[in-house]
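Asker: Residues per chain are reported as follows:
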Amino acid sequence: MILESDLLVIGGGLAGLVAGTIATESGASTILLRKGQSATAFSSGAIDIIGYLPDAAESISDPLEGLTAIAGLYPLHPYGVVGYGDDVAPEEVVDAIIGRVRDTVVWLKNHLQGTIASVMGDFNTNIYPITILGTTKPTCLVQETMNPGDVNKHEESVLLFAGITGYPDFNPSAAAKTYLEDRMALGQPPHKIGHCMTQLMPFRKCFNISSIEIARHLDHAGSIETLAKQLEPHVKQIGATHVAIPPVLGFRHALKNKRELEKSIGAEVFELLGFPPSIPGLRLQRALEEVYTKAGGKMLVGHEATSYTKTGQKIKTVVARSPRREISIDTKAVVLATGKYIGGGIAGDEKGLRETVFDIMTVTADYHSAKDILPSKATNRLEISPMGQQLQWCGLSIDPQFRPIREDGLEWADNVFAAGAVLAGYNYSVEKSGLGVALTSGYSAAKSAIKCIKGGGEN
Amino acid sequence: MTDSEFDVVVIGGGSTGTAVARDCAIRGLKTLLLERDDIASATVGTCAGMISSGLKYSDEPDIMAMCSKEVMHFNHIARHIIMKNPILAPLLDLSDAASDSSYVDSYSAHAEEREVPSMLFLTPEASREIEPMLNPDIIASVYYEEFFIDPFRLCMLQTLDAIKHGATVRTYCEVIGFDISNNNDIQGVVFYNRVTGTTEKINTKLVINATGPWAHKVAKLSGENLDIRLNKGAHVILDRRVVNVGITVKAIDGRWIYLFPHENTTLLGTTALDTWEDPDSLVASFDEIEYLLQSIQTVLPSIREARIIRTMAGIRPLVPEWKRPEGKVTRGYRIIDHSENGGVKGLISFTGGKLVMCRHMAEAATDLVCKKLGNTAACMTHKQALPGNDADVDVSALSKEYGIALHALERMRARRGTEMLKVLELTKEYPEWKTTICTCEPVIEAEIRYAIREEFPQTLNDLRRRLRLGTGPCQGTFCTFKAAAILSDELDLGGDDFLVDILDFRAERWKGIRQSMRGEQLAQEELTLGMYTCVANLDQSDVDYDIKPWEEGS
Ligand SMILES: Cc1cc2nc3c(=O)[nH]c(=O)nc-3n(C[C@H](O)[C@H](O)[C@H](O)COP(=O)(O)OP(=O)(O)OC[C@H]3O[C@@H](n4cnc5c(N)ncnc54)[C@H](O)[C@@H]3O)c2cc1C
Ligand SMILES: Cc1cc2nc3c(=O)[nH]c(=O)nc-3n(C[C@H](O)[C@H](O)[C@H](O)COP(=O)(O)OP(=O)(O)OC[C@H]3O[C@@H](n4cnc5c(N)ncnc54)[C@H](O)[C@@H]3O)c2cc1C
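Residue numbers (the numbering used here), protein chains in the order written: chain A, 1 to 459; chain B, 1 to 554.
Keep in mind that the hints were calculated from the coordinates and are not lab data. Any given hint could be a false lead.
What the hints assert, rightly or not - DSS-like, lysine-lysine: derived pairs with alpha carbons at most 30 angstroms apart:
#1 LYS205(A) <-> LYS422(B)
#2 LYS377(A) <-> LYS548(B)
#3 LYS217(B) <-> LYS328(B)
#4 LYS201(B) <-> LYS328(B)
#5 LYS400(B) <-> LYS220(B)
#6 LYS371(B) <-> LYS400(B)
#7 LYS371(A) <-> LYS310(A)
#8 LYS84(B) <-> LYS69(B)
#9 LYS229(A) <-> LYS428(B)
#10 LYS400(B) <-> LYS205(A)
#11 LYS351(A) <-> LYS428(B)
#12 LYS428(B) <-> LYS205(A)
#13 LYS30(B) <-> LYS220(B)
#14 LYS109(A) <-> LYS454(A)
#15 LYS229(A) <-> LYS256(A)
Said to hold, decoys possible - Between beta-carbon pairs, the in silico distance windows are:
#16 GLY36(A) <-> ARG240(B): 53 to 61 angstroms
#17 ALA385(B) <-> LYS371(A): 32 to 40 angstroms
#18 ALA185(A) <-> ASP227(B): 48 to 56 angstroms
#19 TYR74(A) <-> ARG194(B): 40 to 48 angstroms
#20 ASP122(A) <-> GLU410(B): 14 to 22 angstroms
#21 ASP274(B) <-> ALA185(A): 13 to 21 angstroms
#22 SER307(A) <-> ASP278(B): 33 to 41 angstroms
#23 ASP492(B) <-> GLY36(A): 25 to 33 angstroms
#24 ILE252(B) <-> ASP349(A): 15 to 23 angstroms
#25 VAL195(B) <-> SER322(A): 37 to 45 angstroms
#26 SER322(A) <-> GLY254(B): 26 to 34 angstroms
#27 MET83(B) <-> GLN313(A): 54 to 62 angstroms
#28 MET83(B) <-> THR306(A): 53 to 61 angstroms
As the list claims (entries may be wrong) - Non-contacting residues of chain B with respect to chain A, defined by C-beta distances greater than 12 angstroms in every case (computed):
#29 PRO132
#30 ASP274
#31 GLU290
#32 LEU421
#33 GLN458
#34 CYS479
#35 LEU487
#36 ASP501
#37 ARG506
#38 GLU508
Beta carbons: idealized from backbone N, C-alpha and C, even for Gly.
Whenever a hint applies, use it, and build me the whole structure from the sequences.
Answerer: Shown next, in the form of structure tokens:
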């Protein structure tokens, strides 16, 4: 089968779906390939812009401060690259970066409005939501179901952590202790924190209950009332003003469920930031897919880009394979948004790191070729530290239009643009910048791609 | 005798020390076992667990005979933690077989008593029927069978049995000195309690130094010199049982290496390098990993497609025979009574030995101790079963009765034998504890709670040794935080300790993962970092985390 499109997006995580939506909305016909799962669906659903500079101990209180620092210290960071447009004067670089990231945040908020992953938060400030371990992390936007309200500001607030018996991913007692110790050390509210268990028994199971089962269960009419009844006495007992629950409030009706719960128990309810299998991550993934297809984009799930033809400096055709068929896609431009190791955009073995679709040069944190680098050599002795793992910095090096470059510093192709975790130059785990970079780079790569498509046959 | 006075103090909670403590306790001696870390936290935990027929030592017939007897004893006292693996040694050319063919006879001489067939030669076709991954170019293969024991459970069961017979066991207590009289008699042992941070002292006249690769250091605390040959061995661990049977092959340098299905994983080992490194910071090197892969690749060409999940490295405490390769050093052991050469009186040290002979080593040392103390009790360690060995367990019936997956129960049985019934009993009151916490192994919550209550773990790493928690393909990505919460619950830990437990466990897993990072492990690690760093923000937590020995430096 042969298909044609103006733009081919390879990769269906946040970066690819944003790029695809922007292109479609600008009138370009777009096909998007997603071969499998995305890191986006594993994410906690909170949209980080920038929380820390690498190896720094203090968190960044707002994205403006963080982006300004990055522009100065890490000009090759994907956020930094945004400031290198032809039309940007040197003294305008910082403003250009901030402006672009702000635009994309507004764009995303608007597009997620009314979806199952609608978000709240403000580009001008970072917030510190609580995780299922009772720790906190700086992020910029959270889904509305995860809105912790004024729990950490109001002197009189009383927080109740509520778990679900037989669901092992969240232990309210451990989380309560961790969070309370943290708040006490800071001398900040809430000063009173409790924990409790509820019996939900989704599908009559009392053990081995997964987040997906609970979310499905709570999507059924009436189930939320059981949870409310279970919570009520505990809320009363400690006089809770806020209730923190694991992120399982439902796929379709999470926000409605939150509101219903709040009404019946008389306390604010919010979901914690959690681990995979992550319901908010899945909500985000699904919502973005809906946004893209509603805009008119075409999506081929279960299709993997496997080969291509290139004429001169241009990609002409990409071949995609699914278990049952092979499709040739003729395209004017490509956005490569294949993610890192989870997505599958970058792979590594004892010989080195390679980009998996086009075999474009990969680089290390220092922008040396990572072609021959043994993955274990790009790691630290400490697994979990603010220094992070070098491997997470590795990926593609790009020009100011987000086109990947080769060893000689020239573009690998004139019509290939890259976005998201496949890029080098940032480490989302330590910076807390994952979905933010995917968003800004996806948006920026799409803008460049549109220019390239509209520019037509010039080069 | 008071609480601070013992007939004998055993230092070291590896296979040797726990076997000695058990023997001493059964013979009625007031026994104290001191271990600076956890039971089975050092060498024994890095070994392959083969209780071998002694095949490799055919030029030491006494040792072959002893190994074979010990296998029979283990099959009698600990059959629930033993597995039998058929093994193929594929031959690519005749020189692979011809060099030392006497092993066929010596192996077969003892085969019957271990209830295994004599050694067989198989055609390439018959070999490939057993293991289709074998290189089609092989000219024949040798077939034999060996037994394997879970080294962690063996040490644990020996310890629990010692306690049952009255021994005191103190983990996280490091011996730092001896009290020695003017007559050069040992009078006491001084140790540092790593949990409380205090120094304690107890009185004893007899000390058994079973500290494996630390034996010379511990002897030195009493002023004694002990010669020992330390030899590093590394394993590469694959994510599942990638072969049907064990494979042994001559490595590129002519040594024998192996690939053994081991619990839910496969072990590829091992290397042999004389070493002077600190056992605490030891890791496998890139060369060791490649040496093993290159060598096994000759007979299993597709081995690199398998997923490597980690490496592990340990130090063999060999008898000090020098100027010969590791493979030619005796596999026997030595018991050194330091008083015999005019040294300190009351200190007895081991060098050499193997996991397979730990009971034998213990018997010999306890005999010596009893002689000194005038105790005439006979050794019973080969007759009395270890906990859980008493009867067969019908796991499929239990699976139906409790509604727990058969595989989970089969794995539990392999750790606990009949003792698993006590674990299952807990689920009657708490059905939610049937929840699987470690899905790779798998391990259910009830067993974690049971182990915390009955087997004195202090950390998640201690739990891993008792349960194989976090040892599968995901290397604890998905169970670390869940198990930490349970531990925190049971031990009533504070929030900081909860996070420190998570960080400690990740650090230990990373030590082994890091060296062999490639392929799917890269995605696995991105996921781990996504969870513990990106979401939980633990890289920024300001808890009291102690840097581990292997984390020092840059
Ligand atoms: C556990 C975890 C939690 C996280 N939590 C957060 C968080 O709370 N906040 C935050 O901001 N960030 C978080 N992140 C980081 C964030 O999820 C990622 O940085 C971000 O999702 C990357 O998006 P992406 O679109 O670049 O890549 P991905 O989401 O990985 O998407 C890549 C896509 O490419 C597809 N693909 C790859 N190769 C091909 C091919 N050849 N053909 C077709 N398709 C292909 C894949 O199937 C996939 O759909 C987290 C990450 C992890 C692992
Ligand atoms: C790679 C490898 C593979 C092997 N494979 C096999 C095999 O398949 N079959 C087999 O039979 N043998 C095998 N062996 C050999 C076997 O593992 C060892 O000989 C045996 O387990 C050593 O046990 P141990 O108790 O003497 O030493 P260890 O297990 O090292 O125990 C010594 C203990 O002493 C403690 N200690 C040290 N100093 C102090 C102190 N000051 N105070 C308190 N405690 C202290 C340590 O913490 C440690 O726990 C293998 C060895 C290696 C390295």
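Asker: Give a verdict on every hint.
Answerer: Structure-based check of all given hints:
no.: 1; hint: LYS205(A) <-> LYS422(B); verdict: 23 angstroms, holds
no.: 2; hint: LYS377(A) <-> LYS548(B); verdict: 19 angstroms, holds
no.: 3; hint: LYS217(B) <-> LYS328(B); verdict: 25 angstroms, holds
no.: 4; hint: LYS201(B) <-> LYS328(B); verdict: 41 angstroms, violated
no.: 5; hint: LYS400(B) <-> LYS220(B); verdict: 57 angstroms, violated
no.: 6; hint: LYS371(B) <-> LYS400(B); verdict: 53 angstroms, violated
no.: 7; hint: LYS371(A) <-> LYS310(A); verdict: 22 angstroms, holds
no.: 8; hint: LYS84(B) <-> LYS69(B); verdict: 16 angstroms, holds
no.: 9; hint: LYS229(A) <-> LYS428(B); verdict: 26 angstroms, holds
no.: 10; hint: LYS400(B) <-> LYS205(A); verdict: 16 angstroms, holds
no.: 11; hint: LYS351(A) <-> LYS428(B); verdict: 53 angstroms, violated
no.: 12; hint: LYS428(B) <-> LYS205(A); verdict: 15 angstroms, holds
no.: 13; hint: LYS30(B) <-> LYS220(B); verdict: 25 angstroms, holds
no.: 14; hint: LYS109(A) <-> LYS454(A); verdict: 27 angstroms, holds
no.: 15; hint: LYS229(A) <-> LYS256(A); verdict: 17 angstroms, holds
no.: 16; hint: GLY36(A) <-> ARG240(B): 53 to 61 angstroms; verdict: 21 angstroms, violated
no.: 17; hint: ALA385(B) <-> LYS371(A): 32 to 40 angstroms; verdict: 58 angstroms, violated
no.: 18; hint: ALA185(A) <-> ASP227(B): 48 to 56 angstroms; verdict: 53 angstroms, holds
no.: 19; hint: TYR74(A) <-> ARG194(B): 40 to 48 angstroms; verdict: 42 angstroms, holds
no.: 20; hint: ASP122(A) <-> GLU410(B): 14 to 22 angstroms; verdict: 54 angstroms, violated
no.: 21; hint: ASP274(B) <-> ALA185(A): 13 to 21 angstroms; verdict: 50 angstroms, violated
no.: 22; hint: SER307(A) <-> ASP278(B): 33 to 41 angstroms; verdict: 50 angstroms, violated
no.: 23; hint: ASP492(B) <-> GLY36(A): 25 to 33 angstroms; verdict: 43 angstroms, violated
no.: 24; hint: ILE252(B) <-> ASP349(A): 15 to 23 angstroms; verdict: 20 angstroms, holds
no.: 25; hint: VAL195(B) <-> SER322(A): 37 to 45 angstroms; verdict: 57 angstroms, violated
no.: 26; hint: SER322(A) <-> GLY254(B): 26 to 34 angstroms; verdict: 49 angstroms, violated
no.: 27; hint: MET83(B) <-> GLN313(A): 54 to 62 angstroms; verdict: 60 angstroms, holds
no.: 28; hint: MET83(B) <-> THR306(A): 53 to 61 angstroms; verdict: 42 angstroms, violated
no.: 29; hint: PRO132; verdict: 24 angstroms, holds
no.: 30; hint: ASP274; verdict: 24 angstroms, holds
no.: 31; hint: GLU290; verdict: 7 angstroms, violated
no.: 32; hint: LEU421; verdict: 19 angstroms, holds
no.: 33; hint: GLN458; verdict: 17 angstroms, holds
no.: 34; hint: CYS479; verdict: 9 angstroms, violated
no.: 35; hint: LEU487; verdict: 9 angstroms, violated
no.: 36; hint: ASP501; verdict: 10 angstroms, violated
no.: 37; hint: ARG506; verdict: 5 angstroms, violated
no.: 38; hint: GLU508; verdict: 10 angstroms, violated
Figure legend: structure checked against the earlier numbered hints; hints not met, in rising order: 4, 5, 6, 11, 16, 17, 20, 21, 22, 23, 25, 26, 28, 31, 34, 35, 36, 37, 38.
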